[in-house]
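Use the sequences and the hints to build the structure in full.
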Amino acid sequence: MRETDTLIKTTCPRDCYDACGMSVRVRGGVIQNVMGDREHHVSQGKLCGKCAIAYNGVFRDSAAWRDGRDSQLCAVNPAFAWRPDDATRAVLSLEAVRSRMNPDSGLPIVGDRVADVPRTRSYQTPLDRSDQDIYRARLDVERAVGGSLRLRGKAYYTDFDWRSDGTLLVGAFPLPTGDLMVARSLLMLDNRQTALGTQLEASWSGRALGARHEALAGFEAARLGDRFTLDVGIPPVIGLADPVETTVAPVFIIPGASADGDARSIVLAPYLVDRIHLGSRVQAVLGARFDVLDFEEPRMGSDRHDRQLSPMAGLTFTPRPSLTAYVQAGSAFGPPSSLVVGERKPERSRQVEAGLKSQLFGGRAFATVAAYHLERNDIAIPDATGVTRQNGDQRSRGVELELSGEPAPAWFTTASYAFTSARLTRFAEVVARPVNPQEYDILDFSGNTPAFAPRHILNVWVVKRAGALSVGGGARYVGRQFIAEDNAFAIDSAVVLDAMASWKLKRTTFSLNFRNLAGAEYETRGFGRTAVIPAEPFAVYGTVAVNLGP
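Going by numbering that gives the first Met the number 0, the letters in the sequence shown line up with residues 0 to 549, in that order.
Take these hints with a grain of salt, some might be off.
Unchecked claim - Below, a list of computed lysine-lysine pairs in the DSBU-like style, where the Cα atoms sit at most 35 Å apart:
#1 K356 to K463
#2 K463 to K505
#3 K503 to K463
#4 K503 to K49
#5 K505 to K49
#6 K503 to K356
#7 K153 to K356
What the hints contain is simulated information worked out from the structure, not anything from laboratory work.
What follows is the structure, given as structure tokens:
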């Protein structure tokens, strides 16, 4: 499903992902965000012949280590399954999520370093908030027809309501007295997104044209809505070394900086994928998806109709049961930003990947190596005229290695490494001057490295299980990375040591997670080129999970 444009990342780049339990992924690996201090999970099930009922819930109450960054998350997820006969299955799942948290834009950058202030200090205003309410419903139906044909249907609805007032740090500037003051802006977003759709699929396996096929044909139809208002305010400046907060509501709204939208997108997309067995050792995969996208934004007078074919193909070769080689290529597209002025073209991407997968030591270990080339074209960025146009291109190349296995009974280990070489092949943007925000400079960053794209990421993890007790530990390394496309400031590389322990007692599982055992001081992603967020020092998190089912 192609989602409509959203302004989420312009207001709260990190915290919206924390609230949804998501993570930020650079192509070669995953950088996890911190979890809450107190977390409780509850699940419940009941079987009644052809029916099953399940209930999952979580409550998280977090007292963050940085000033004023506390948060709460409450979610429930009931599901009902019905199996009238052996060939038919239906599952209805519902979900409600309520998140209340305070954004965090981190610490300002002064010159070529992070401000020399306590790492717990926050320069957010007391007006900051990030409130999210998410409601989802989904119905899945599946039926087997004979021995080779299977039909599947899915209907879904999502309602996402987000109200966010987030402080962004513009920079630190000196006064005539020599004291440094932090200039800030306050982005106030009221955003509601909806998605209503259905998906129908038919899968078939059998022989045709002298080969065995596993074919999947489907059709997706969706209606996506995105209604938002965005205002930009200017709260009072605050001292860097001795901050005294004076912000009160309402703040001054910058004239001409507000935006609003009420976009509607309709997506119709048939697709087909066929896995062809060309003998016992070679398989080919061919597929394509054809998207018909109608976009309408009455407030901005925008009405576009896109037609896009996204083909994909792959080939695998298995010279022996323990070794497989593969190569695959494909293209995709996404709708451009609703802020684009003029003709709006789909943002396109193309990827080629090749690799090897192998079983080692008699199946006790698995190894994977892959190399890829990825291109993105027509990225929406401000151009030399000061308006947003699709003038950005980006290229990424890399290698990924992964090794996992059980070297000894009850010992489990995994290690992964990713090397990424990313480049902005065409990129120019407009940046407001700090002294006079009404004046702009045109900066060409073509040839620079994209933000938050470290060249090296390494993860190693080992777990030992002894009955109901499991203990583990590992290390993760993230290389040096730039925080903005101008490449003026980079976050230093960091090595972080973590550990865990869990104990299962009947229906209850107790878990402890030890983060940053050595107390390493490093920074994570911030917003733009003016601030970074200090990473959490040593911390211990506890989780209790209770299974109330049969």
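Given the hinted pair K153 and K356, is their alpha-carbon gap at most 35 Å? holds, 33 Å
Below or equal to 35 Å on CA atoms is what counts here, so check K505 against K49. Within the cut-off at roughly 27 Å; holds.
Are the Cα atoms of K503 and K49 separated by 35 Å or less? holds, 30 Å
Verify the proposed pairing of K503 with K356, using a straight-line Cα cut of 35 Å. holds, 34 Å
Given the hint that K463 pairs with K505, does the C-alpha gap stay at or below 35 Å? Within the cut-off at roughly 20 Å; holds.
Has the given pair, K503 with K463, been kept, meaning a C-alpha gap of at most 35 Å? holds, 14 Å
Under the criterion that the straight-line Cα-Cα distance not exceed 35 Å, is the pair K356, K463 satisfied? With a Cα-Cα distance of about 25 Å, the restraint between K356 and K463 holds, given a limit of 35 Å.
Hint compliance for this structure: no hint is broken.
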